[in-house]
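Following the hints, put chains B and C in place on chain A, whose structure we already have.
Residue-level listing of the chains:
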Amino acid sequence: MKRNSVYSGLRPPSVAGKAGSSIVRAAIAVLLLVPAFLPFDYYVNIATQILIAAIFASSLNLLVGYGGLISLGHAGFLGTSAYVLAWLATRGELSHLWASLGALGVTTVVAGLFGVLSLRATGLGFVMITLALGQILWGVAYRWVSLTGGDNGLSGFSRPHPLGIDLSSPGSFYLFTLVVFVLAFLFVSVFVHSTFGAGLQGVRDQPRRMQALGWDVWGIRFVTFVVAGFWGAVAGVLYADYNQFVSPHVLALTNSAEVLLMVIAGGAGTVLGPIVGAAVVVLLKNVVSAYITRWVMLLGFVFVLIVLYMPEGLVPGVERLRRRTVRRGAEA
Amino acid sequence: MRFFLIQSLNGLALGGLLFLLSSGFSLIFGLMRVANLAHGAFFMLGAYVGLSALRAGLGFFAAVVIGGLAIAILGALLERFLLRKLAGRLLSQVLITLGIAFIIGDASLLVWSGDPMPLPIPDALAGVVRFGSIFFPRYRLAVVGFSVVVLAILWVALERTRVGAMIRAGVDDMEMARGLGIAVPRLFTLVFCLGAALAGMGGVLGGPILSVYPGLDMDMLPLALIVLILGGPGNLLGAFAGSYFIGFLYTFGQALFPDLAYVILFLPMVAALALRPQGLFKLRAA
Amino acid sequence: MSAMALELQGVCKSFGGVPAVREVTLSVREGERRLLLGPNGAGKTTLFNLVMGDLVSDSGTIRLFGQDVSRLRADRRVHLGLSRTYQVITLFPKDTLAHNIVLALLGLSRSRFDPFSLLAKRGDLWERARAALDRVGLAKLADRPLSQTSYGEQRRLELAMALAQEPRVLLLDEPLAGLSREERRDVQDLLASIPREVTVVMIEHDLDVALSFAEKITVLHYGQVIVEGTRAEIVADPRVQEVYLGA
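Heads up: the protein sequence lines correspond to chains A, B and C, in order.
Residue numbering for the first sequence follows my numbering, beginning at 1 and increasing consecutively.
Residue numbering for the second sequence follows my numbering, beginning at 1 and increasing consecutively.
Residue numbering for the third sequence follows my numbering, beginning at 1 and increasing consecutively.
Only chain A is shown next, with the shape it has when bound in the complex (with noise of 0.2 Å):
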């Protein structure tokens, strides 16, 4: 998996100057906002969701692709999440803040636990073990049908109301998300590009080597699990009040297979190649939906072929092919 080099640091390389990137900012930043105010509900959504999965695959990317770890149970902890946000809103009759927090808390215990059950392996035994962890997590949604309602899921909570304000309109979830997001995305480029995060890379890239100069490899590698949990489960909190709903389907394993095609097309390693992969994957499932029922099996060829043909992603595959223009363009 490509390294990131630490001096790409949070702003893109830059290749019209300091005016140029403040210029892309400002574009970007006035582009994220416009969804907010379209009045197609469509189209916003749309971008809800993107975003929401953006943020879920942002923290398995910090497993996977700075941590070198494969995670195929991350769809355990949106779901724990997700369910432990319903639950509490509805049955446990909690105030929308405090279920959220709950849901939180709860969910990062639980990646605490799985954390040291998945690092007795690292490889193909991480691979296996967390997708085990992720089917008992299915399971117990599924067939635990007095407490979580089994195929029929949890509904009857509503969205949420932080500071009084109504998020029920697209346009106004989609902003609440998109403040996470900002969050979220400042969070994880500022955790890669730490101390910690060179670490992180570090052990991914030679872990023996990184034990014998005083690191401690375990320790890196739950904590970076923990961290990554903990993000997902802000994504499935994002998610239970997006759809005011949760089933099982949430903790299937094609939820954790769909979150890590995410990553792996948009480039893990990079800050903006899950998001990338989020966007691309969303879209894909909801246009094509409009057009293919069979949208699982799209999913399947698009795995096959970003496996067989463009291993390391889209940004990394669309930072080098710019590179080579710039030098291009440089010598010419």
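Think of the hints as simulated: they come from the structure by calculation, not from any bench.
The structure presented is a predicted model; accordingly, all values stated were derived computationally and were not measured.
Don't take each hint at face value.
[Said to hold, decoys possible] Under the rule of at most 30 Å between Cα atoms (straight-line distance), these lysine-lysine pairs were calculated in the BS3-like manner: (1) C:K140 / C:K121; (2) C:K94 / C:K140; (3) C:K94 / C:K121; (4) A:K285 / B:K85; (5) C:K94 / B:K85.
For chains B and C alone, kept in the frame of chain A given last:
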């Protein structure tokens, strides 16, 4: 007592089916170090193919053979044209099998629609066998018997034939096997094919017991995984013992604690992971 | 008499029934320059792995400044002042030389737990990294990715990384292997410049450099200590000649 015996037989039957599923999975992982995430899909597709064969008027045993054969061919094609392209890149191979699983799953939905369909029990194996005052369904006994036969055949093939020796060598030490001139790529295709065939046959045989439905693939895959973890990679007897153990655990769990059955299933795996200090997957450098 | 920096007592390690290290007992005084000699397969690198904690011994004790570290994790031993270089390149090829050193520096720093301290802004670390590179003559290549450097430069980086950690006990695994004559001279000067208080244990086949550097020599053969002594004693010992000429 009656309850215990009946559940035991159900457990045995499930164990037999699991063995057909996971023996292939274990061999593939043991030799190729590939976790074939499409293995559950192979099982399910085999069942569907068998169903179609039965609908076309063929006999049950023909359906089993056709189911196994179809999946074997599919497996050979996938290994030859996809997995081999990714030789040495274990993670990519695993991911590609996941994509294939999705494709097979959804394609099956397209071809056979979404209704769960039990396969009919062949007349020859219908009815019950009587032990005193207890009646056991003959079919389930046959499934158990078949799995034992398969174990015997596989065991003999692995222990007594040249190809089996090559496979065992590859499982033990791939570098050495290569160094000894063993044609590894062809061996890979063979083992993948074999594993696929076993899964396909298992699917058809499981049809009368489990039915076939969308989602069967993802129901079976984690079970194969657990058996692999318990039995060890490439370990035939381990797969056998693990399959029956899980078969019993699941059956009794379902009967006694239906809400938690799925969780109970994974507890041995969790225990194995927690107690075995070095972890379970000491992968050599590929 | 100065303290014992490193003490091994009855250390054993086998791999699948094949013994690699057999009942090795040796002590290195603080500030000593010790050379480990022995033909290939004698168990020298395995011994380093055991001392470092990259491998866990089957039996025996390993003490670092009197403290029993036999069951201690490798990173904890580093924090007690142990550092080593590796024979095989286990560095970070996609990163710059400076970044490689920074990872070594961070390994001992509290910042390694800090997910909010931006690495690019840590001028202190980057300066120390450059200084470490300067010490081995690689300052000009600080921003070059490792993959674009020569083998000799990478070996010097290994040394720079270990020295950057300012260890109390330094394990050097064939620091001169694969170097050109000039590079060897540079490294020899470097070895001579290591502070006196640092205890150095070295595995090396280049006897010219090694013998002039070492104060005491331990000869290993088939995982066992055959002979220990000064240069003169070793050279004269018939057992050593047998090991190198007979085996």
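Practice task
List, from low to high, the hint numbers that the structure doesn't satisfy.
Solution key: none
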